[in-house]
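Q: My request is simple: use the sequences and hints to build the entire structure.
In terms of the UniProt record's numbering, the sequence shown has 150 at position 150, counting the first letter as 1, and numbering is strictly consecutive.
One should not assume that every hint holds.
[Unchecked claim] DSS-like, lysine-lysine: derived pairs with alpha carbons at most 30 Å apart:
{"id": "1", "residue 1": "294", "residue 2": "329"}
{"id": "2", "residue 1": "263", "residue 2": "167"}
{"id": "3", "residue 1": "339", "residue 2": "329"}
{"id": "4", "residue 1": "329", "residue 2": "167"}
{"id": "5", "residue 1": "299", "residue 2": "263"}
{"id": "6", "residue 1": "167", "residue 2": "303"}
{"id": "7", "residue 1": "329", "residue 2": "299"}
{"id": "8", "residue 1": "167", "residue 2": "294"}
{"id": "9", "residue 1": "294", "residue 2": "339"}
{"id": "10", "residue 1": "329", "residue 2": "303"}
{"id": "11", "residue 1": "167", "residue 2": "339"}
{"id": "12", "residue 1": "167", "residue 2": "91"}
{"id": "13", "residue 1": "263", "residue 2": "329"}
{"id": "14", "residue 1": "339", "residue 2": "263"}
{"id": "15", "residue 1": "263", "residue 2": "294"}
{"id": "16", "residue 1": "299", "residue 2": "339"}
{"id": "17", "residue 1": "263", "residue 2": "303"}
{"id": "18", "residue 1": "303", "residue 2": "339"}
[Stated by the list, open to error] If you anchor each label on the Cβ, the simulated ranges turn out as follows:
{"id": "19", "residue 1": "218", "residue 2": "68", "range": "17 to 25 Å"}
{"id": "20", "residue 1": "67", "residue 2": "191", "range": "27 to 35 Å"}
{"id": "21", "residue 1": "86", "residue 2": "242", "range": "56 to 64 Å"}
{"id": "22", "residue 1": "72", "residue 2": "191", "range": "35 to 43 Å"}
{"id": "23", "residue 1": "54", "residue 2": "123", "range": "22 to 30 Å"}
{"id": "24", "residue 1": "319", "residue 2": "216", "range": "34 to 42 Å"}
{"id": "25", "residue 1": "87", "residue 2": "255", "range": "32 to 40 Å"}
{"id": "26", "residue 1": "127", "residue 2": "149", "range": "34 to 42 Å"}
{"id": "27", "residue 1": "86", "residue 2": "245", "range": "52 to 60 Å"}
{"id": "28", "residue 1": "86", "residue 2": "213", "range": "34 to 42 Å"}
{"id": "29", "residue 1": "215", "residue 2": "319", "range": "29 to 37 Å"}
{"id": "30", "residue 1": "294", "residue 2": "215", "range": "31 to 39 Å"}
{"id": "31", "residue 1": "55", "residue 2": "168", "range": "31 to 39 Å"}
{"id": "32", "residue 1": "189", "residue 2": "294", "range": "27 to 35 Å"}
Quick caveat, the hints were computed from the structure, so don't treat them as lab data.
For clarity, every value in this text was computed on a predicted model and none was experimentally measured.
Cβ coordinates follow ideal geometry from the N, Cα and C atoms, glycine included.
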Amino acid sequence: MARLSAVISAFAILGTAQAIRFLGRVNPATRALTWPATGISFSFTGTLASVGVTSISGTNSVELLIDGGTPIIIENVNGTSISTPSLVRGKHTVQIRKRSETVYGTFTLGDVNIFRGSLGADSVSRRRIQIIGDSISVGYGLDGTYPCTNSAFLENAPKTYGALTAKSLSAEYDILAWSGIGLIRNTIGSNDPVLMPQMWTRYGTNDEDNSYTFPRAETPDIVVMNLGTNDFSYLGVRDPVNATMLTDGMIAFAETIRGHYPKAELFLTSSPMLSDTYPTAEDAQHTTQMSVLKAAAEKLGSKTHVVDFPTQGSEVGCDYHPNAAEHEKMAAILTSAIKEVMW
1 MARLSAVISA FAILGTAQAI RFLGRVNPAT RALTWPATGI SFSFTGTLAS VGVTSISGTN
61 SVELLIDGGT PIIIENVNGT SISTPSLVRG KHTVQIRKRS ETVYGTFTLG DVNIFRGSLG
121 ADSVSRRRIQ IIGDSISVGY GLDGTYPCTN SAFLENAPKT YGALTAKSLS AEYDILAWSG
181 IGLIRNTIGS NDPVLMPQMW TRYGTNDEDN SYTFPRAETP DIVVMNLGTN DFSYLGVRDP
241 VNATMLTDGM IAFAETIRGH YPKAELFLTS SPMLSDTYPT AEDAQHTTQM SVLKAAAEKL
301 GSKTHVVDFP TQGSEVGCDY HPNAAEHEKM AAILTSAIKE VMW
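A: Pasting the structure below:
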């Protein structure tokens, strides 16, 4: 048995060869998986491994990936551990990632147990991408077919455009996203006063504001910001979003990000859920958002790039969110845009 906290501390100095490491933004003090696609990765030699689960809140869907094969989907984490099936004796890599977001539940990791074997070095890419967004970046309803009701099981963060982009570029990634959240205002009907610039400062989604310590090892090379969908929502409830205020909000948030990650390339993306025909042609929401992004990028200057995700088609996931096929299209567009700049 190897205690998770002790092993991570002992192997932190090894850089690209850690025995056990967290995936995504995980507070090592709590070991709680809160953000989408957070998890744990390790390599071992043996036939069987398990990761303890010390506490569970709500419903949590996860994927278990062994040796890069087909993901094993766990619809809802329960019990006291997540175990691999029996494997052929040899060296294996294991990744566990949370598919669903905090609104459905969270859980806390315990000990890593290796049966009849031992831990080994786990290779880590030096490339890192951070995705900041809302329900699109969460993977809301991604595995559903409209009409459907979203659930923890139908969310699939590891299949979102951000995760797919990172995979195609052989990069580590963080997804800092929350359904319904906005840049200067949240979705209609939301009474939550917390906006993404505030949420972004948290280690775990349930931690205090400004609790994230910005560890050097987690510094991203690229930051992708996909925000605005919820800011644009208004029909029958409030006035349309003020484009100037949205631009100013984006610039302010980007400058905050730059304050922590001055070397990172920033990619501002449009929303595939916004169109120029809904709710009215006069709104032209997709074009308006692109104008906001371009104005912000011009103000922010070098190392800022605009990526246009075209309005999605009629085949969608739950509540008109992008489905798996749409996320693949988005990933191809984002990957191409990044390759034009680096890697």
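Q: For the range 32 to 40 Å, tell me whether the beta carbons of residue 87 and residue 255 fit it or not.
A: Between residue 87 and residue 255, where Cβ atoms are some 48 Å apart, the hint is violated.
Q: Range hint 22 to 30 Å: satisfied by the CB atoms of residue 54 and residue 123?
A: Since the Cβ atoms of residue 54 and residue 123 sit about 27 Å apart, the hinted range of 22 to 30 Å holds.
Q: For residue 263 and residue 167, compute the direct alpha-carbon distance and say whether it is at most 30 Å.
A: holds, 22 Å
Q: Given the proposed pairing of residue 329 with residue 167, does the C-alpha separation stay at or below 30 Å?
A: holds, 14 Å
Q: Can you confirm whether the C-alpha distance between residue 263 and residue 294 stays at or below 30 Å?
A: holds, 20 Å
Q: Residue 303 and residue 339 were given as a pair; does the straight-line alpha-carbon distance stay at or below 30 Å?
A: holds, 14 Å
Q: Given the hint that residue 294 pairs with residue 329, does the C-alpha gap stay at or below 30 Å?
A: holds, 22 Å
Q: Do the alpha carbons of residue 299 and residue 263 lie within 30 Å of each other, as the hint requires?
A: Status holds; Cα separation ~17 Å.
Q: Hint says 31 to 39 Å; check whether the CB-CB distance for residue 294 and residue 215 agrees.
A: This hint holds: roughly 33 Å between Cβ atoms.
Q: I want to verify a distance hint. Is the separation of the beta carbons of residue 72 and residue 191 within 35 to 43 Å?
A: For residue 191 against residue 72, whose Cβ atoms are near 38 Å apart, the range 35 to 43 Å holds.
Q: Given the hinted pair residue 263 and residue 303, is their alpha-carbon gap at most 30 Å?
A: holds, 8 Å
Q: Take the C-beta atom of residue 218 and the C-beta atom of residue 68, compute their distance, and say whether it sits inside 17 to 25 Å.
A: holds, 23 Å
This entry does not satisfy hints 20 and 25, going by the numbered hints stated previously.
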